[in-house]
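Asker: Hints given; two lone chains; assemble the complex.
Spelled out from the first residue to the last, the chains are:
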Amino acid sequence: MIEVEGLTKVYGGSHGARALDGVTFSVPEKSIFGFLGPNGAGKTTTIRILATVLQPTEGTIRIDGHDLGEDPLAVKENLGLMPDEVLFYPTLTGLQQLLYYASFYGIRRADARKRGKELLEQFGLGDEMAKKVKAYSHGMKKRLALAQCLLHDPHVLIMDEPANGLDPGGMRYFRDLIRWLNGQGKTIFLSSHMLYEVEQLCERVGIIDHGHIVAVDTIADLSARLTAGAPTVLRVSAAGVTDDGIRAVAAIPGVTNVERTPLGVDVTAKAGSDVSGEVSRALVMAGAALRELKAEQRSLEDLFLALTKGGGA
Amino acid sequence: MRAPEFFRGMRQVAVQELLVNLKSLRLIIMALVSALVIVGGAYGFSGLGSGGGFPGGLPPVVVWPHAAYNATGSHVAVVWVSDPFGGPQAGRTVDLEALGPNGTVPLAKIATDGNGFVRHDVGGTDVIAATVTVGSFQTGTTISFPPQPQNFTYDIIQGDLDRDGSDDEMAIHVVNVSGDVVPAQIAVNGTSVGSTDAHGYLQFDLPRGDSIVNVTVAGETQTFPATVRGGSGGPTFASGPDTVLIIIAALSGFIVSLFGVVLSFDAVSKERVQGTMDLLLSRPASRSGILLGKFLGAFAAVALPVTLVNLAGIGVIAAVSGKSPTGSFAAAFLGLSLLLIATYVLLQLSLSTIAKTSGTAILFGVLAWLLFNLLYPIITFVIGAALFANDPAGYFHFSLVSGLGSPTQVYFLLIGLAAPQSLAGSGGTAVDPILPEAAAVAWIVLLLLLALWTFHKRGPE
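Same order as they appear, the protein sequences are chains E and F. If you count by the numbering used here, then the first sequence holds residues 1 to 313, one letter each, in order. If you count by the numbering used here, then the second sequence holds residues 1 to 461, one letter each, in order.
In short, the hints are calculated from the structure, not lab data. From a predicted model like this one, the values you see are computed outputs, not experimental measurements. Watch out, some of these pointers could steer you wrong.
If the Cβ cut is set under 10 Å, some of the chain F residues that face chain E in the computed set are [unchecked claim]:
hint : residue
1    : R8
2    : Q274
3    : M277
4    : L281
5    : S282
6    : R283
7    : P284
8    : A285
9    : K323
In silico lysine-lysine, DSS-like type, Cα no more than 27 Å apart, as pairs [to be verified]:
hint : chain 1 : residue 1 : chain 2 : residue 2
10   : E       : K141      : F       : K270
11   : E       : K132      : F       : K23
12   : E       : K134      : F       : K23
Covered by chain F, according to a simulated footprint, are these stretches of chain E (three or more residues, beta-carbon under 8 Å) [what the hints assert, rightly or not]:
hint : segment
13   : 43-55
14   : 78-85
15   : 101-108
Built from N, CA and C at the ideal position, the CB exists for glycine as well.
So here's chain F without its partners, still in its complex pose (with noise of 0.2 Å):
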């Protein structure tokens, strides 16, 4: 079946430069830029501070002790060995040493069971350590046999355990006298949080300030404190996966539009430099097909690879940070990257009709990228500054709406837009989405209509 008029030749103008782009060294290099800013950002702003209690980050393994008691009244050391999220870690070696005046003295060395116990008779001895050693890691903890046994124990963690950038995230592992798991009810601040898992293990939101838990197993009740510092200010640098994905978005703005410049720049004026151009427009193709095919082929060439890399990018955020970015964020992200390759890569178009030689292409394309990246920012920066000097809503108001004529600009906005709200502040959450949404389509249209109707008048020329 042929295609419309209109559309004639775009298929394979776009196959043919889609294809010839994807063996171009070009596209190799400008992929493993992407790559090295993308997710060596990913990795290395997720690995930075947060984990709030725990400094570097989640422990990889979390030890919790308990002290139990046999039914002949002997000393039972119980260690559970878990991830930071409560899942048990079978098969990890416990270190045991008895602590006593006269220095330590090596116990045993066991493996965790299937459910991450392990349960030691350690006789009299009031004062256990036990180590587990991850790789490089190494915790441990000591547990002591108080002379009056407790029903049942309970071992805290309080730390940034979602990712979002504050300490306020508790876990608890509860086991009775005898070193079993048991429910156990948990309340904050009066308010039940849930109950333990079958294997003793819950984690619950703390609000901030000091808050009351209660422990309630089996109708008796312990109570402790809690406390969530940190204020009303916004995230802490470089903590939740969604701040991290931020930074990479603005990041990505910068790398992706100059991926679309570089795959771009020529490719209307190649084919005039190569002497192929002729030879293109007598076959049976319309213009339009073939400037849509040219679009369609760059585009795909620009999106596939980066498409690929911010996948790996948020890949590597969950990875490192032990938590996805918000879902819809994160596609999100991937949309809005398309769409600014969608405009950069049409404003290539237009300046690759207009240009006469490989020159000025390459001149255009340079001007173009640094003029929105670069010059367009610090001029309405200037400007705005000395507008509205004294006056920062306006100032503020004005950023925004001069923001909205440079494509960066708008996919930065609206990356801003599309962050999760809890992250107020690091976007641009006070905008309203109309204006940048819309500048977005009239960008895309007007570059469409413009390339359209450059190459109609110029292609050949």
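Next up, chain E with everything else stripped away, as it sits in the complex (with noise of 0.2 Å):
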């Protein structure tokens, strides 16, 4: 469980660049927590808050019920951080990273080379354990971090873009890895630009702008909060729809707009009013091969651009 409260970063004295402002959001254990915003938007500073990497300035931050303010060295113990940017030591192997990083938890080092041999062979680096990373390629460093954050097998873990600059395939190995490592029983902060990768994984989103948190909830709620009070529009894919159908459509009560599109006609209806039925009988009427007809659903980006005003991502 992760509460964070109040939290405020100002970079370079009191006068200086505010980065958070009094952010404030919480992530259920066992659960997947997606953390949206723009470039700039106080992500990364937030998450470099998370992982004891910096200070803030002001506000709380409990995770696992410990207090990260005063008892930073408890929250390290049960926490695994896996940055945007994968670099470790050029000249260091795989497995000495490992190695390395381990002996900070008080793991025996037959018991770490054992883990680490696992991990590295679980996420396809067993033969290239022995190789120095300079050597590895994107997608290997980001499984080696994936690794290293895993190696003391903590409750938190902290992702910043973990499938940034991945192929496809590469994608969703980490999808079904994140889901597999929420399955464990894993809490997982999840930061992504990828906003279908956040729509597939999480259930809970917080969106971040200006270093102000603009929305935490549901994706589902989101969507519904920003749904309610707007019109609804229907998105009709039909062959011949004739200048009357189009007259008969805009004529049924409750439709306000209509609109030709390339696959046939947008229609925008008050709100609350269902004219689907309406709009598909109006159209066969008039001499159209109806094909589909769906309400509009609001998609993640939707929703991001709407509450972030369009910025960046």
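Answerer: Here you go:
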């Protein structure tokens, strides 16, 4: 469980840049929490503070009941960080990196070696563990980064863009892995630019913009909240739509706008009105061949753009 | 057992830092440069001058000639071969030739016995030449047989046998008329300085100026004069091992500080440049533990080769000059080198924490080294010379106090203080030791606090 309250980070003195301003959210235990925001919104700063790399200017963070300010070492013991930039000591081999990091957790060397080898084999690096990291590809480094954050079997994983820069196969691999880790009982804080990935993995998301949290909720509730009071849009795919047909649809009570599209028409109706049956009837009566009619779902991308005012991601 | 929070992670980081540094190319290069300067310097300066009566240093062997007689009155050439310090040289070949009006006539080539002696009956020959060759070194002497045999004969050498820069030692070798070793009492200006040993050898000191030496065997005394020249000045250049060590320590001050800079200038910044800083800081280690680990690892990586090179330098001084430097001075040299390394590594840790890039880190390192080793001494010299143009005492005190502002200068002052008192003049023996000692401690403490503070504040940024 991660509880963040009033998190503020000011760089460069009290009059410096405010990277985070009163950020508050919580991540329930054993859940996957998506953390979204445009570039420069404060995602990485939040992650670095959660991972105990940076110290906040104000605010409290509790991870698994330990206060990060008061007992950072206890937090670190149960935390795995997978940073966005996966860089390692270039002259060490994959296994040597893991052994070095394992030494901080008081894991006996023989146990660390066994655990490190298991993880490297599990992530497809069994044949590369004796190679120096400077010979690793980007994808291999990502896998090594994952291995290093699981070495000490932490409860909480902080992942910054885990699938960034991977090919489609690699992305799917990571997505499946994150699901599997969550199934093992890990609480996962996932920052990602890939909205599709977040949509696939996370039940709850937090959206940050200009250092402020603009929304924390489940994707379904966010969608409902944003669409409440907004007009319904029906996307109709049909051939042979005539002007008469369009006029007939426009005459249906509740319809506010009808627009031709390359596939057919888009019909906008007042919020809360269900006009799909009347629209399909009117078009068929006017001689059109109807292929599909569906109410538009607000995607996470739309939510994101709406909440961050179109900013940058 | 877990370390206290302040030190958490120190051991792990230190071991890693040490291992990475030991395998680095820059360590190998700096170790070679240090060895070249320190060991090479030790060899070069030890071989310079000295030896007093022995230009080019003390000879490997000394040939001691004696005219002896057997029971029938036949002449016996007695030759004892030893090193300058009285160690008998067994198995050395002595080439004996008769010197007469018709030139030299080879007589015999005889190896010295287990005690370093050759005794050879030369019949009625009056003058014998004895030559010993050791490698490319050849030494020879003549033995004259006087008409009136003496009850005992002696031979002497005088020179800088204790390698202290002055020719105030004498060695004597005494045998009786039969060529056998007999105990002889030696006195200088009426004061006994000891008896010859089982090989007939004794080394003793002479006072400056003229002296009278008495050699007494079985109640009979022979007398000869001796003179030690040279005066009240300091030691001659590069004469004694302690003097050589002072020169080496001075060279070492520059090299060792540079070594410290080269190995630690990017100890922190490279974690940031490599992108490994966040992963390191997210481990269960305290910032103080990480910084102290960085310090210990870099310090050990410099201290190991430097101590080996310094020990080799001391060994070379001892081997070449034939005498070890004063033990306490050599130990102080080793210890002060470590102190100097610690100071420069701590300084670099602070600078490395502030530096954002590798380029800045290198620049900071070079500037810091130049500042304390070149610019600061020049600036303080110019200021001192301007302020105390007509006040040598004032300038002397100013230079001592201003020297405390550079760790390398503090090291030089402490080396001067640690040097044996006999070398007064080459070190700063007039300095109150508490000042540079306190300055050395202050430098370490201040730089450690600065490094901890900067890393705490700026480590991840």
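Asker: Now tell me if each hint is right for this structure.
Answerer: Evaluation of the provided hints:
1. The beta carbon of R8 (chain F) is positioned within 10 Å of a beta carbon in chain E (closest approach about 6 Å), and the interface hint is therefore held.
2. The interface hint given for Q274 (chain F) is met, as the beta carbon of that residue sits about 6 Å from the closest beta carbon of chain E, less than 10 Å.
3. About 8 Å separates the beta-carbon of M277 (chain F) from the nearest beta-carbon of chain E, less than 10 Å, and the hint is met.
4. For L281 (chain F), the interface hint holds, since its Cβ comes within 10 Å of a Cβ in chain E; the closest pair sits about 5 Å apart.
5. Hint status for S282 (chain F) relative to chain E: holds, with the closest Cβ pair at about 4 Å, below 10 Å.
6. Hint status for R283 (chain F) relative to chain E: holds, with the closest Cβ pair at about 4 Å, below 10 Å.
7. The beta carbon of P284 (chain F) is positioned within 10 Å of a beta carbon in chain E (closest approach about 4 Å), and the interface hint is therefore held.
8. Because the beta carbon of A285 (chain F) sits about 6 Å from the nearest beta carbon in chain E, less than 10 Å, this interface hint is met.
9. Checking K323 (chain F) against chain E: minimum C-beta separation of about 45 Å lies over 10 Å; hint violated.
10. Among the hinted pairs, K141 (chain E) with K270 (chain F) is consistent with the structure: their alpha-carbon atoms are about 19 Å apart, no more than 27 Å.
11. Between K132 (chain E) and K23 (chain F), the direct Cα distance comes to roughly 14 Å. Compliance with the 27 Å bound is thereby established for this hinted pair.
12. Note on K134 (chain E) and K23 (chain F): the hinted pairing holds, with a Cα-Cα distance of about 16 Å set against a maximum of 27 Å.
13. Note: the segment 43-55 of chain E has 5 residues with beta-carbon separation from chain F under 8 Å; the three-residue rule is met and the coverage holds.
14. A count of 4 residues in the segment 78-85 of chain E with a Cβ less than 8 Å from any Cβ of chain F is obtained; the coverage claim is therefore met, three being the minimum.
15. Beta-carbon proximity to chain F at under 8 Å applies to 5 residues in the segment 101-108 of chain E; the threshold of 3 is reached and the given coverage holds.
Violated hint for the displayed structure: number 9, the only one.
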